[in-house]
Structure formats: structure tokens, C-alpha cells
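Chains as they are written, first to last, in numbering that gives the first Met the number 0: chain A, 0 to 797; chain B, 0 to 288.
Source of the hints: derived by calculation from the structure; they are not laboratory data.
Built from N, CA and C at the ideal position, the CB exists for glycine as well.
A couple of the hints might just be wrong.
Between beta-carbon pairs, the in silico distance windows are [said to hold, decoys possible]: (1) Ser-257(B) x Lys-444(A): 43 to 51 Å; (2) Met-64(B) x Lys-28(A): 48 to 56 Å; (3) His-680(A) x Ala-241(B): 20 to 28 Å; (4) Ser-257(B) x Asp-651(A): 20 to 28 Å.
Next come the chains, spelled out residue by residue.
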Amino acid sequence: MIQCKTSKEIGGMGHSVKRKEDDRFVHGKGTYVDDIQLKGMLFMDIARSPYAYAKIKNINKDLAMAVDGVLAVITGKDLEQYNLHWMPTLMSDTQMVLPTDTVMHQGQEVAAIIATSREAARDGREALVPGIEYEVMKPIVDPFKALDDDAPLLRPDKEGQKDNQAWHWEVGQKEETEKIFAEADVVVKEQMHIPRIHVASIETCGIVADYDKVQNHLTTHLTTQAPHAIRTVIALVAGHVGLTEEKIRVIAHDIGGGFGGKVPVFPGYVIAIAATFLIGKPVKWIEDRSDNLTNSFARDYHITAEMAGTKDGKILASRMKVLADHGYTDGAANPSKFPTGMFSIGTGSYDYKHAFMEADAIYTNKPPGGVAYRCSFRVTEAVHAIERITDRFALEIGKDPAELRSENFIKKEDFPWQSPTGWEYDSGDYQAGLDLAMKTVEYDKLRVEQKAKWKEGKLMGIGLSTFTEIVGAGPSKDFDILGIKMFDSAEIRVHPTGKAIARFGTKSQGQGHETTYAQIIAEELGIPSKDIQIEEGDTDPAPYGLGTYASRSTPTAGAAAAIAARKLRDKAKKIAAYLLEVSEDDLEWEPGKWFVKGAPEKAKTIQELVFAAYTNHPQGMEGGFEATHYYDPPNLTFPSGAYICVVDIDPDTFEIKVRRFVAIDDAGHIINPMVAQGQVHGGLTQGIAPAMYEEIIYDEDGNALNGTLMDYLVPTAVESPNWETGHTVTPSPHHPIGAKGIGESPTVGAPPAIANAIIDALRPYGITHLDIPITPYKVFKALKEKGVLDKDITGFEA
Amino acid sequence: MIPANFDYHAPSTLDEAFKLLSELGDEAKILAGGHSLIPMMKLRFAEPEHLVDLGGIPGLNTVSMENGSLHIGAMVKEAELEHNAEVTSKFPIFTDAAKLIADPQVRNFGTLGGNLAHGDAANDQPAVMLALGASVEITNAEEKRTVDINDFFYGFYMTAIQEGEILTNISIPVPAGKFGNAYSKIERKVGDYATGGVAVALELDDSGVCTRAGIGLTNVNPTPMRAERSEAALVGKVIDAAAIAEAAQMASEDCNPSDDLRGDSDYKRRVIRSLTKKMIAKALERAQA
Ligand SMILES: Cc1cc2nc3c(=O)[nH]c(=O)nc-3n(C[C@H](O)[C@H](O)[C@H](O)COP(=O)(O)OP(=O)(O)OC[C@H]3O[C@@H](n4cnc5c(N)ncnc54)[C@H](O)[C@@H]3O)c2cc1C
């Protein structure tokens, strides 16, 4: 199905080239921030608040200063002298670097300890904690209570802020939608919570901040997915103390997983920068696992989802109302114009003309965030809601959920398709994906088996998710972060001997860019991908770009690579015409060489042409063989997928076993099938995570109850079923190589397939919805509530 | 996650260890595999000033079958219990249980003695010992004494081991006739402590009548507990489905689980009922094999 235009030697698109970066990783030669050792380097630890909401009465620094090796304690009051105690978030909200008077969530940074060793810094932290006096206040934990009249105003620091609402947003056709709902035969509605989860990357956050007083130059070795954007933010925060952008270098080395959690600027980074700036020595801060686990978050949307349709299964409209718990500040990293990110993709793969969505963002005494965990800015929440409510609609009218989906799909000939919430879907063939998934899983047989199982009292369920994704942010007319347009870049330099180095504004955290970008260039230029070295992450040599998240690297920087390579191919053509003494029109391209039409023996290889660019180029032509491109995408890309999950639930203990999981993805042209499959496997595992295991749980005082990996349940290989993956290929018509991005599809698409399967298994007992994560305990509680467990489950006539 | 400062001592004999323990008093903690103690130190729930490592003392990590009992040195590692054929041929319950303890890294360090001495009802080995009717040997500078496992667990993190004492050996009687044993637990994900766990050991006479039943429960009581009524419901009978159901029901009624992130007590009772049923059946099958 995947055809290659280049030979295996060239290794362009479609070849399962082995990942170049893996050599380094399997030999233990990766370089992570914690591997950086600098002369005279100091270490930082951070004392954190045990309370969710409290006034700081006093900080007795002496307790920490008495510890051997502790050199300094930095508080908010210290930073205030330099006006560095607050910083902007990427959402133009504000966040404390260190508090001067009030702490807003448990685990918030209260004071930093600088010491000569990591151990001493931790001892200083432990010594300092009892020396911080608080006046504890009653926190707002439940977002539904944040707007009550007697709720305390959490953000009096914000001018004009009268209540705990951060913002309101809406999109769609309110009146028409209301009218359809009022008149529709069938209306279904469910209240859902997409839980607060954590981006549990193996490497936590960290920095080595290194300020050179003599040169007035700051180098930061940083765990960041967006080095250039972060450099700009540092300049915005610290420009007034003389750290302007040309004096700042951000280097992101190897990153042990990012998943969106390493896009924001965290207070720890800024404190370390302030510390090196004040002390003049390098300062390292490596975040503790538990601190990492409880200091940012993803998701946490409370959604009321509704769908209206006809009795025979035509979807007419949908409606969604969101309460978004943002913690004490909006710490997301969405494009400026989209406070809910791409949530408005929430009409999914279905053809109907009316929808209305609204969201209210609420401040609570919880950590800030809302980071897009392997997700284009809230698309996961949108997909979950639409795929769940679509199933609910099918259940209501007694139609098979696969059939209902088929009947309502946007048809492949209807693309480009205008969604009722303002998006233009580029291309898709949803039926082809669903057909392949159903055939692979043998859907009809499963439904027969299910009926028989139900009769015996066995709980078996089949769940679907036929989702549409929206990635590749994005076109500059709509997309910016803090005003910076969301294009991305590639710069290719081919050396005289025909080998190349290419640099990008993105930053891989495991996605395999060193391999896949080289394949894109190989595809376009015919230089073997093994001869092309890829570099990212260092703001000094690399061209500016907004980084890697939201499945945007292939759609933006990947496109930039293709176009820059095409510029070079054109230059090569001119040189070929000159060397072969023919007109350019007489030349034809075959990967790796230009040759004379009809006389293939008269040819020049790309290597010969590159050499000529340095040694024998036509007079008047610029020498060298280099090209740069900044790619501003005309539209987003819209990958899709058809996932089917089969579960068996033990009727005694309610343990849930995923028997099968078939994932058919359509990401357009695939650059490297092996890398893509790896992305899908990892993403699906991160899909079962929130569906069945992960949630950060708070008690009513705002204490995180599961702040270690013993209780925050990250699934492992043991919990992962055998993923059955496959592809359909519907290229993006507007993308130079027809690719759409694959990284986040599985994480986005899997949770509703799993939830739908589990709920399908339980539907004989009147269960229509369960919030994720759906655990055995939750199943037990739901069945108990329905009175099913008064005696043992013995069977159900379907 | 960095422990407070401590001094590390590595005695090479038991006597040296006792000397250190008496000199250092309650500032010292015994270190076995470290996989319960060190996490607590990293979280600074425990801040001992001295660690006395038993790892270098010969004789504490042997397994032997003598005088009708299986003797397991306190420092024998979980991984060994999982794989040692001398142990697992008669007591497959050790493979059952060890496989469910944490992950291979922890099992390569964690010891049976440490697992018991930690005195945590969430650990899996206490229930196994209760089911098997083990006894533990506790040694101090002057003498050795033997404590029945039923008298070993005092309370939360408290056992019969007194200051200055070392748990040196665990003995498990090997029944003469037919016997079988089994363990399982329900966990939220691999490596988790039990939501509930059940250990069952049965002895049968020639006519298949149950002559002894031991049932131990994990993490459903403040201390590791035996399901005594369930045991009694099996003894003297040819165990059939009705007896199994009755014993399972009793175990679920007699345990005292608390509500926590793993579930409420209702759910945990159901887990215990289900596991007790399954483990009695499995132990019976093994006894009959
Ligand atoms: C991630 C993780 C998951 C785990 N999951 C499980 C699980 O599912 N089930 C389970 O049962 N266990 C589990 N454990 C605990 C593990 O089995 C420990 O190894 C065991 O509980 C303690 O044994 P140890 O040899 O490591 O003892 P240590 O940690 O060295 O000691 C534990 C305590 O016992 C004392 N002690 C140790 N040996 C002696 C002795 N001979 N005499 C007197 N006092 C002594 C120590 O002073 C200390 O107080 C887990 C541990 C980890 C880190």
C-alpha cells in the first residue's frame, strides 16, 4: 500500500529506515539536561507549599542557611526587587515565579535553595519547610463552586477581575442549534469529566542556567519542546534586567519525553535563571518526580455533551458546554485566538450543519496548566465528547454504532468540507478506514458472540471511535503564540562532497526527526538519508520556529524541508543544464539525478551537481548549495482514524481486559512506516492511560492524593494489549508531501474507543455513561448503584 | 527524593551486628533489601542516622529442607523464592506470590525477612506465612527465640521484633500427606500493592477430607489477618463448591478493609470473596494433583 519513489539506498519516504538517533540511545550516549556538568555548578531545590491556599506569614531562611553547603535562599520578596516575581503564561495570563504573599495550590514553589550539591540543596529544602509559616485559607477545589457568591476571589491581582472566571468562549450557531434541539425527535445528553491527568514523561523538567557576567550572556540547557519561543519569553521576562534576546541561547539536548508538558515556562526555570544571573555561577535544577507529577496538568474539562437527531439515525446538531478547570492561572499553550484550542473540532467526522459550543474557564486552587498532552490543544477532549455522545445516540435509537457512524460520515467526495464551527477539513475517507477496521476485527462475528456472552452473564463490549484530528498549527492568519506566528522552518546546507546538514525550528522528544526529516530531504533531493544530518534544539545555529507539539512538526517543518529541498533541486537543474549543455526544459528528474530526456546516459547525479555548485557553477549564479524555508501552512491537516476495541470484564471482580484493539490511521503519506507505527503504539498506550488508569485526585482541601507513581497509575507494557495497527492513505491536498501528522492521533482517538467498549459491555444493565478512567472499582460502583449486584450476575437476554 | 544523611555499617557476623545495634540504639535501622526502607527514607518518612546492612552476614540467605520443615534465611531474596525448585515444587504459592510483588528489580533485592519485618499489611508475604503456619526465628545478642507467625504482627509497622533483635530465619512445616497452596491478589496495575490478596494452604487426608486449612488475607485489615471462620468451614469436609462459597463469603465478611484509592470496603470484600473462592479451588486442585 505504501509506495516508495526512491530506492532503498536513497531511503526517502515510505522506507522503514532504522532510527538514526537510536544508536546513541542504545549506547547510553544520549545527553539529557541532567548530564550537563559545568565547572563551579551549583544546585537548586525548591521548597513547596503543603497547602492549597494560604497566606505566607514568614519564611525563616536561617533554618536552611544553617545546613552545610547551602549558599542562598531565594524568595518571592527577593525576586520582587528585580520585578521577576511574576511572569506571563503562554496564554497571556500571569503566573507567580515565587509568591510574595499568597500560595495558590499545593506544591506551589515558595522558596528556592541554592547549594553546592544536590543533596545539600534537598537538605536545605527539608530544613526550610518547617520555617515557613502560613495562614491557611479554605481553597476552591470544585470548579462548580468557584462561581458561588461566597467563593473567595482568587485573583485579585488581576485588574478588573470580579469573579473566578478566567474567560468565556463560544462558537457555532446558537439559535439554529437550539431550534433543532427543541424540535428534534431524539435528544441525548451526558455529563462527562475528562479527568485531570499528568504528562508523565520519563525525564522530569530541568535546567542548567549559565550566566556569563563578563559577556553578559546567558546559556540555558533546558528541557523544552519549543526552544526558540522560550528564548523569546525569557527575553520578554528578563529584558528589563539586560538579558535581551541576542544575549540568550537556549539549548534543548535530548529530551526524555515531552508530550506537551515541556512547552510552558515553569517557575523553576525562571528562578534558576535569576539565580545564575545574581550569583554568576551555573545553576542546575532537576525537578523531583513527585514535584513533576503534581505541578502541571492536562485535560480537566467538565463537558455537558448533547446530540439531536432523527429516530432513524440522522445526526442533526450537537451542543457542548464546558467548564474548564485551569487551576489558579491559565497555563496552557494554546494559540492566542483559541482559548479552548481546537476544541471546536468537536463535531467530528459527521456531516451535519449545526453545532454550538461554549466554555467557561475557571480559576481554582490547583496547579496551573491545561497543557496539550499529546494533543492539538484540547482536541482530545473534543473527540472524547463527540465519540461518546455519538455512541449514546446510537444506543438511544437502538442502532448499531458502526452503522450510525457510516450513515453520518462526511463523504470523501465532499472534501474540502466546511465544519459548522468554522474549520475546513482538507481531505478524508472515513468509510474506508472504518471498513478496514471492521474487516480486521471481524465486527459482525463479534456482535453475534457478544449476544451469546451476555446470555451467559459474561460482560463483553465492543467500542468504536471514528475520529477526525486537527493538527499542524498553523496558518499565520489565525495562529500565533504570544503574537509569534506559528510557521516553522528548515535550513539545508549541502557540503561540496554531497553530504548535508539540515536544521530546524522544531525539537524532537522521541518522535524520530533525525530520521524522518532526512527522509523527506532524501525524497526531494535524492541524497541518501543516511548522508543527511539533522539538528534541532539549539537557538544559535537553528532557524526560528515554534517547536514540536500538537503533531505540528511534519505538517510545518516537514513541509519547510520539502520546499527548501525543492529550491535546491531547482538550482541543481540549472547547474545540470549548464554542465550538460542543454536547456533546462530538456531535463528530467529521477531521484538522485537530472538527465536529458530521451538520453538517460547523459545525466548528472545530485552529488556531482552539488560539487559543481562549489567548483564549477555557471557565472552569475550564487555559489554554494544551501536553502532555507519558513513554511506558513495554508490550512491545518486533518488526520483521521477508525479504532475498534473489544473488552471482556470479569463479572466477579470487574477486572477489564482489552481483548483486541484495532487502530486504522489515516495520516496521509507516511514518511517512515516503522516510526509511524512506533508513534501509534506509544500513543495508544497513552490512550489507555486516561481511559483506564490515570487521574490526579484531590481531596476537598486541595491535597493531591496520588502524587507518586505508586498511586498515579501509568500503564506499562504489561497493561498494554496487542495493538493491531493499519493504515489508509488519504493525502493532504495542500501539504507539499501530502503528510498529515501521526503523533497524537492514537492518544486522541483511543480513549473513547475503550470507554465505548466498556460501556457497551455494561449496557444490558442500564449503564449509559461512565467517566474515564474506568476502573474495575468504578464498574463495581456503577453496577451496584443499578442494583445489579444484589445477587451474582447470571445472564441477560439481549 | 534524596534521603537525609546517614552512616552505613556492614557487619560481617551476627555478633558484630548485635554490637552495632546495641551501641547505636534507636538511631540505627537494619537494612535488608532496602526496598521498603529506602523509599521511606527518600520520602523522609524515616531518617535513621545509621544503617546496619545484613547483606554481608553469612548464613542468612540459605534455603534448606530439614526435620519436616522448610527453612528460609531472612535474607533470601524474593527472586530466589520465585525460582528455587526445592521451594516451589512443594510450595508453588511462593511463585504465585513473588511474581506479584512489585517488579523484577525489587524482587532481586527484597528479602523474605524484610517483607515480614516491615510489618505492613499491604505486603504479600505475611498472608502467605499465615496460611502456611510459619514460625519465625528472632535472635538477639543473648538468645534465639521462635515466634509463631500468628503472634508476630502487632500493628501498623510493628512486629514481635524488639530493638536490638534480628529476624534470622523462617520455618514452614511440610505436611506429610496431600497438601496444596496458592496465592493471588488483585492489583490496579502491575507492581501495585494489593487491593486485596488471598493465600490458601490445604491439607487433605487419604479420603480427601480437609484436615487443615490456612487462609491469610492481604491489605484488608490493619494487620495481616487469618480468615479463621473460613478455615473452620473447610476442615473436616470434602471440599465442594458449596463449602468454597461459604468459606469465601465468610472471609469477605470477616475482613476489615478501609476505604481508599483502591476502593471502598464493599468492593474490597467482593475482591476477597472472589479471590478466596479461586484460591481454595486452586489449592485443592494442587493438593489433589
Ligand atoms: C515499587 C515497589 C513496589 C512494591 N510492591 C510490593 C508488593 O506488591 N508486595 C510486597 O509484598 N512488597 C512490595 N514491595 C516491598 C518489597 O517487597 C520490599 O522489598 C519488602 O517489603 C522489604 O524487604 P527488604 O528486604 O527490601 O527490606 P528493607 O526495606 O531493607 O527493610 C524493611 C524493614 O524491615 C526491617 N528489617 C529488614 N530485615 C530485617 C531483619 N532480618 N530483622 C529485623 N528487621 C529487619 C528494616 O529495618 C526495615 O524497617 C514493593 C517495593 C517497591 C519499592
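Item checked: Enumerated hints in conflict with the structure, sorted upward -> Violated: hint 3 alone.
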